[in-house]
Amino acid sequence: MTQGAVQTPAADAPSATVRSRARMREQWKGYAQKYGALATLAVLFLYNAVETPHFLTKQSLLFILLRQAAPIAIVAIGMAIVIGTAGIDLSVGSVMAIAGQVGATIVLHDHPVVLAMAAALLVSAVCGFFNGTLVARYGVQPIIATLILFIAGRGIAQLITGGELQPLANPAFQWVGLARPGGVPAQVIIALVVAVVAWLVMRLTVFGRHVLAVGGNETASRLAGVPSARVKLYAYIASATLAGLVGLIAVSANSASDANNTGLGMELDAIAAVAVAGTPLTGGRVTVWGAVVGAVMLKLLQNTLIAHGITKEVAQMIEGVVIVAALYLQRHES
Amino acid sequence: MTTATAPPRARRLQVGLLLQRQGALIALVLLVVLGVLRYGDRFATGYNVQSLLADNAKYGLVALGMTFVIMTGGIDLSVGSVVALGGVVAIKVSQHGLVAGLAAGIGVGALVGIVNGWLITRLKLQPFIVTLAMLLAVRGLALNVAHTRAAVASSESNFQKLGDWSAFGLPVAAWAMVLAFVGGAAALHYAPWGRQVLAVGGNVDAARLMGLPVARTTFSVYVLSGALSGCAGVFLGSQNGSVDTAAGQGWELSAIAAVVVGGTLLTGGIGSVLSTLVGVMLLQLIFNLIVFENSKHVLTISSYWESVIRGAFLLVVVLLQVRLIRRRSATGRAA
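Chains as they are written, first to last, in the numbering used here: chain A, 10 to 343; chain B, 611 to 945.
Don't read these hints as lab results, they were simulated from the structure.
Treat the hints loosely; a few may be bogus.
Footprint (simulated), chain A over chain B, 3 or more residues, beta carbon under 8 Å [what the hints assert, rightly or not]:
1) 654–663
2) 734–744
3) 857–867
For each residue, glycine too, the CB sits at the ideal point set by N, CA and C.
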């Protein structure tokens, strides 16, 4: 323990085999980084197809797995964009609670459904604007900037109704959480649409390029004329708005808005989903589909363990181990 | 920068420095004065001070560990789960006596810290995600040990006495906190280890080039954070007589908030141990004052305001810090 650095052997003449082995290892590492989460998902899927009864049914796949994973996937997509700018958004769970409360309160006062949803999303966007302003304009570290709304946001949501549970019975408002157009849960469709749009935005638009540039090297990107402050601001607004959308989905699916519990722990689920997909938290990379795959993979892992008689607590421990293992396999040499 | 503008700038810098270093302390003093003036004797009673300190002790111990971790430029999100695990294990083991329970709670916390430290220094994984995964895993472990129920201390053991005993007018937990903070401050200022912690957080590469044991120092702060959180869990269990399944949830973020309010920068390399204590007191005192305000029945403040006010406090502190850092870099001097 006491000696400082590890002695590196003098590699004066590496033989051809050593070199090719090193290259192969690099290649494997590249694969592990890119497809590790997808491969784990495939393995889990195959295992369940063989071992879990009724796994390969529409009910099980669409209405349990994907329906449960969809909200996490949507938040994780926003989180992935923020992480791409070398940031983090801890406030998503609180923003969900605020959006759910705002939407439910407006609809319960017999105002139009569209107004309720628009107001909820607008309030969420304002939350994102607050986070983004602190990070982009004032240079506050993202963890601290979003910690403020993480702490205060839940209190704000609770103050809207004094912490009371608000039961909901409005099919139009609850469409996002309960409807099943064409036999598919609406939230799965929404998640898919969000993923496709986010993927296209990241691939095709200038904003997408800018996110990667800002996260990769902010100083360089600013010198190259990238409006880094605006890019970061938009990223936090996107993350908060998506969290607000999921807040609406959550209260709709529960048929009640509960400021105390809506979105509790969502920030951790979303960050874990992004991280297992091999996205470095240091920024500069965004994989929208990785976030989706990560969310589905972690959900399937939980469900698999619980379906096979492993208690929820042990499942949680295994989840922690899997996240660390995923990080280890996908670590990026600095 | 001409010499003519330098003196007022320097003075403003001094004021700014004072605000950053002692801003939390000033706010704390103001709040205490407000409490004494508005709620009089009831606020300033020994009982209120004792219960405030005993309550704060747990948060203080966790925040102390977090301070050292943050000084190295890291973060430890697992502390809340470690509080739960430490409490549960201590209660289970306390059947064999108080000392065994105390040792087991601290020991299991240190063990989690060893795992964190190993993953971060040896496997070179990011502290944020490593400790996030440990937050999940350790919470699962704590629930598993407790059989997903609240762990209740046996009434035959003297475990709960730890929460009741007091010495020289203060509860044992408060003494533990005071000792830990005095020890921490002494270690930071007078021991080589404290200097190394700051050096690692200030500039890892420079610290390594200077031949400082970077890995060992980083490892040690996570072990310390784990042990202190485990100890906080022991006090939680002994004060309440039980540790429920949600114990310690979210403590990691309140600890970070207390550290930041105290003026320790999240970038590492700068920080003060005693300011963290002030930060902890400040954030808890807000809650205490709300309770007193409500008992006056003049203004009723919903307890939900507590988190909003804490968030607002954090916001003000952070904005003050930002102003200060900007001004300091503008004048081009390192304080």
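Outcome of the hint check:
1. Coverage of a stretch by a chain is defined here by at least three residues with a beta carbon nearer than 8 Å to that chain's beta carbons; for the segment 654–663 of chain B and chain A the count is 0, and the condition is violated.
2. For the segment 734–744 of chain B, the stated coverage by chain A holds: 9 residues have a C-beta nearer than 8 Å to a C-beta of that chain, and at least 3 were required.
3. Evaluation of the coverage hint for the segment 857–867 of chain B: fulfilled, as 4 residues show C-beta separations to chain A shorter than 8 Å, against a requirement of three.
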